[in-house]
Each structure stands twice: as C-alpha cells, then as structure tokens.
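**Q** We have chain A; now place chain B onto it with these hints.
There are 2 protein chains.
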Amino acid sequence: MTKILAITGGVGGAKLALGLSKVLNEDEVLFLVNTGDDFQHLGLEISPDVDSLLYALSEKNNPELGWGRKDESWNFISTLEELGEDAWFRLGDRDLALHTIRTQKLARGQSIQQVTDELSAALGIRHRIAPMSQSKISTIVETPDGKLGFQEYFVREKCEPKVVNFQFQGIETAEPNPVVVSWLKQCDGVVICPSNPYVSVDPILKVPGLKELLRSKPVIAVSPIVGGLAIKGPAAKMMKELGVPPSPIAVSDHYGDLLSGFVLDKTDGDQANDISIPSIVTQTVMVTLQDRIDLAKQCVRFLEELA
Amino acid sequence: MTKILAITGGVGGAKLALGLSKVLNEDEVLFLVNTGDDFQHLGLEISPDVDSLLYALSEKNNPELGWGRKDESWNFISTLEELGEDAWFRLGDRDLALHTIRTQKLARGQSIQQVTDELSAALGIRHRIAPMSQSKISTIVETPDGKLGFQEYFVREKCEPKVVNFQFQGIETAEPNPVVVSWLKQCDGVVICPSNPYVSVDPILKVPGLKELLRSKPVIAVSPIVGGLAIKGPAAKMMKELGVPPSPIAVSDHYGDLLSGFVLDKTDGDQANDISIPSIVTQTVMVTLQDRIDLAKQCVRFLEELA
Chain A
1 MTKILAITGG VGGAKLALGL SKVLNEDEVL FLVNTGDDFQ HLGLEISPDV
51 DSLLYALSEK NNPELGWGRK DESWNFISTL EELGEDAWFR LGDRDLALHT
101 IRTQKLARGQ SIQQVTDELS AALGIRHRIA PMSQSKISTI VETPDGKLGF
151 QEYFVREKCE PKVVNFQFQG IETAEPNPVV VSWLKQCDGV VICPSNPYVS
201 VDPILKVPGL KELLRSKPVI AVSPIVGGLA IKGPAAKMMK ELGVPPSPIA
251 VSDHYGDLLS GFVLDKTDGD QANDISIPSI VTQTVMVTLQ DRIDLAKQCV
301 RFLEELA
Chain B
308 MTKILAITGG VGGAKLALGL SKVLNEDEVL FLVNTGDDFQ HLGLEISPDV
358 DSLLYALSEK NNPELGWGRK DESWNFISTL EELGEDAWFR LGDRDLALHT
408 IRTQKLARGQ SIQQVTDELS AALGIRHRIA PMSQSKISTI VETPDGKLGF
458 QEYFVREKCE PKVVNFQFQG IETAEPNPVV VSWLKQCDGV VICPSNPYVS
508 VDPILKVPGL KELLRSKPVI AVSPIVGGLA IKGPAAKMMK ELGVPPSPIA
558 VSDHYGDLLS GFVLDKTDGD QANDISIPSI VTQTVMVTLQ DRIDLAKQCV
608 RFLEELA
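Residue numbers (the numbering used here), protein chains in the order written: chain A, 1 to 307; chain B, 308 to 614.
Incorrect hints may have been included.
[As the list claims (entries may be wrong)] Subject to a maximum C-alpha distance of 20 angstroms in a straight line, what follows is the list of computed DMTMM-like cross-link-like pairs (lysine to aspartate or glutamate):
| # | chain 1 | residue 1 | chain 2 | residue 2 |
| --- | --- | --- | --- | --- |
| 1 | A | K105 | B | E388 |
| 2 | B | K377 | A | E82 |
| 3 | A | K105 | B | E389 |
| 4 | B | K412 | A | E85 |
| 5 | A | K70 | B | E388 |
| 6 | A | K105 | B | D393 |
| 7 | B | K377 | A | E81 |
| 8 | A | K70 | B | E389 |
| 9 | B | K544 | B | D452 |
| 10 | B | K412 | A | E81 |
| 11 | A | K105 | B | E392 |
| 12 | B | K412 | A | E82 |
| 13 | B | K412 | A | D86 |
Treat the hints as calculated values from the structure; they're not laboratory data. Source: prediction; values computed, not measured.
The following block holds chain A by itself, in its conformation from the complex (with noise of 0.2 angstroms):
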C-alpha cells in the first residue's frame, strides 16, 4: 500500500485531488489544502481552496465558470448588487449554504479542521482534507500601490495589480494542523499538485516545521506551469512580475531541494533534460476525468520509484 501526502491550493489542483480520489482509498491519500486564501466577507467565513477540494472531490464542481458549484444561481448576489451593496465577490446561491454552514459551526467553537470534516461528510466525501493549521493566515499581496487581501488582488482586482512580494499574515505563531504531522509520520511521499507555487502552495510550506517534516519523505511537484502559461489563475503573471521566466524549471528551482522528482507536460518535454532530479513529461493538462485518473496513476508510480 502506498500512503500518501497531496499538497494542493486550487481548482488546478483540485483537478488531480479527484484523480488521486479515484486511485488510492482515503487510508492511503490525506489532502493538504492552502487556508491562505480565507477571509471573511458579508459576514461569511470564506476558505476558497477547501471549498475547491470539497466541490471537486464531491464532483459538485462548476466546470463551465472552473469555480464554484455546479446549477449554481446568483439571484443573492444580484439582489445585493440592486441594493447598492459590493458585489465583487460572486456568492453564488448554492455555493452561499456552505458558507453559512461553516460560520456557524466556527461561531459554535469548532476546530477548522472538525468543520472540514463535518463538510466533507455532508458532501459525500471519504476522502480528508486537512487544512494547514488551525490557526488564521493570511495572503497578502503587496503590489507597487499597497497591500491587498489576496481574494482583493484575486477577484476584485482581477490579478491585475503587478505584485512585488507575499506576506502570509500569522504565519510565525501558527502550528501545523496535527492531523498533516501525523498522517506525514507514516507516508511514503509527497504530490505537489500544479496549483499557484507563490500563493497556493508557498503559505503551506511556510507553516513553521511542515517543510522539515517533509523533507524525510520522497516529494515531487507537478508543473502548473506549461508552455509558459499557467492552465488557470496568475502563476505565470506572477511569475514575470518577479523577474522568473514562467517555465517549468523556474518550478522546480522555486522548491528547490526540497523536491525529489518533477513532472512537467509533454509541451514541455524539451526542457526536461535541463532539470537536475529525475522528473517525468506526461500529459500534466486535465480536461476529463480519465485525463485526472492517468496523471494521478503516473504520479503514484513515479513517487514508489523513488521511494
């Protein structure tokens, strides 16, 4: 049996959550997921990647808007809007339950990662998600004209502000969630799933004494970098404004010796043999299921050969 860590942030790596979903049972894959992003808005208590891993591995995933929940409606947020309210974040109708139901439950004293639980068992999902800490962290974006809150830089600002550097606010007195450090005692490796490395991945590994945890065990990154675009979201922008040519290598320098293996896509194949760890060039792009279980499959095996 092969037990491991998914590291994801995202709907990208959301995608090959599902597929890893599908390969391994919830004994042998524990999600890892960014709470970098959550804030708090209308009231509402708001983790965007948890709930991108809860709505793609419960496969009630938008996949025409790639966010959000699928027969979703915005009679909420229009009726807002007509009221003269901010409405730059799309709450959408459906999507809006889940939210309330984790404000409640947090405003009751439960743990983030009791909430996950309970959320993840309405959903229908076997499979844990473990947020990063227990503790609040926040993204922030600092750009040439100030500080944003990353749903700020990501929605209402549509990623359009040149960024310069991260701050991830809370980040020093917070613990790793017990839950990660202890699934990370008995697996035999890591996946970075192709999310953002800057804001998705970067506030995880960030969490004081996660990385050296995870530096005992074997961790390969999938590129979400391919053919110097990034499939969904800023990475590649980011990656530009801070003077990093948007490539798969510049990937796998950003995590450095950390990683022990790299997958990159077959676009990319021409630049594999520039990469100093073994790595694979496969399909990285998912569009259909079969597309996420094939990815999930090789990363599996990759991970037992350098096991």
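**A** The following block gives chain B in isolation, referenced to the frame of chain A:
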C-alpha cells in the same frame, strides 16, 4: 393636510400600508412596525414584519406565497437542507440579501432605525418605516408544553401548539423609537392596520409609554377578523384558544378604550350595532391594489371625521 400614524405587523397590515402609501405623501403617514418577531437565525438578523412592509411598499412582495419576495428562488435553503442543516425557516435567495445587509449594518453599530431607513432607500421606498423600539424585544409564545420563540411557533411549528399567553422579553426596559414619539406630537390620528392583535399590535402597544402617547389621538382599528376567520395567520385560532370568540367585537374589546373608532368588513355588518364606539362597515378584504387604496381612503376619511 392629514398626518397619520399607521401601526402594522405582518402581511395583512402591510396591504393596508401600501394603500395608505398610495393616498398619503411621505410627510402624511409614518409606518410604526412590530419588531417582536425579530430573531437571529443562521447568523442573520431577521425582522419579518419590517421586511413584509419593505417588500409591500416597494411592491416586491410575493403575491403567490403571501410572504417573502417576488421572483424568488430557493437554491440556498434547498442546498442547506441537502447538507443536513435545519431548513424550517424558508429563506429565499433574494430575500437573503436583505438579511445579510441588515446583519452587516447592525454589526457595524448602526441603529435599527438607520438600517431600516437605508434599506428603504435601497428599495426605492419614499415613506418612512419606524420600528417600534431601538431595543431588542422578543415575542415568546407560551404553550401547554412550554415556551416557543415566535418564529419557532409561527414557522417551525406552523402555529399548531395551543397558545396560553404571550411574553415580550426585553419590553420592560425598552423605549419607544424617538422617530415615533416625535411624529405623534404632530399627528392627527392613528390607524391600527388589520394585523394580529396579540402578536403584531400588542408588542407595540406594550412598549412603555407608547400607549399613553397614542391615547391623546383618535385611534381607529381595522378588524383582522372577517366572518369568524383571520384573512391570514393564526389570529382567529389564538382567540379561540384564549377563550375569546373570533369576532370583530372581540377585537374592538381587546383594544378597549384606546379606540375612537372601528372598521369592520361588510361580511360582519350585522355586528356593527353591537360595537359601542363609532364604526364603519366596508370591504376590508384586500385582494387588488384598488382594494388597498379604497380601504386606505376610507380609514383616512373616518379619522378626519373623528378628529
């Protein structure tokens, strides 16, 4: 110019309120509304009677349901139910926007009056709505099996438990809304709209000092009981359970010497002679907008005669 205070509770009262808003300008009528039904649910501050009035005056009420907003959808509440949560209070997706905005404004420290004014403005309502008090007052229904919060009795238990008595928690220390007090100084008369005497109008009349202020004016009430039944809601059922015959006379007796005049439906015309105060018999059942306007005109004329 006639200056009127209109006392109103739920949907029945709101129908006459709309009529009054069509025949009187915003400096001629103030709507004094019950907030005893207000409660917190799913983290939201919900004011059912204020909302019934907001939706009626902005003509956004749902005529099919008889409560809530028109063009409503129910994806939030049905998703909440799918996720295993309590869904007995049917919050529509559009309606939810109003509660969310109220909750946010109250959390920022705005008063109930300020919030109501801003919601009115957002809905394009010119007439002013004045909640009975700025303090929190909660109607409790005493039943043989114990006490129920009003919405638990009204919505969750569908008015099935027998009523024994009512309590208005917090009323002893409440003060009347200053907007109402100042309006009463200049106004010529008061209309008690056809709302439930026990749970819509009594909480208002029991706000310390308010009844005494009303006594200095001609006060008329429109019977919410027609032909032994309530047009909507549990008024007739409550009367029977309290040992009172559900009749216009009983309603008139309930308000006692506060009243200068009484308005009863033509269905009950034969009872007019048994009422000891001046009364008019007319059509009080309001189906069309014209019905609302006609009854409003008659109430204004009746008050002018009594003044």
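**Q** A separate judgement is required for each hint: does it hold in the structure or not?
**A** Tested hints:
no.	hint	verdict
1	A/K105 x B/E388	16 angstroms, holds
2	B/K377 x A/E82	14 angstroms, holds
3	A/K105 x B/E389	17 angstroms, holds
4	B/K412 x A/E85	11 angstroms, holds
5	A/K70 x B/E388	17 angstroms, holds
6	A/K105 x B/D393	13 angstroms, holds
7	B/K377 x A/E81	17 angstroms, holds
8	A/K70 x B/E389	14 angstroms, holds
9	B/K544 x B/D452	17 angstroms, holds
10	B/K412 x A/E81	16 angstroms, holds
11	A/K105 x B/E392	11 angstroms, holds
12	B/K412 x A/E82	17 angstroms, holds
13	B/K412 x A/D86	13 angstroms, holds
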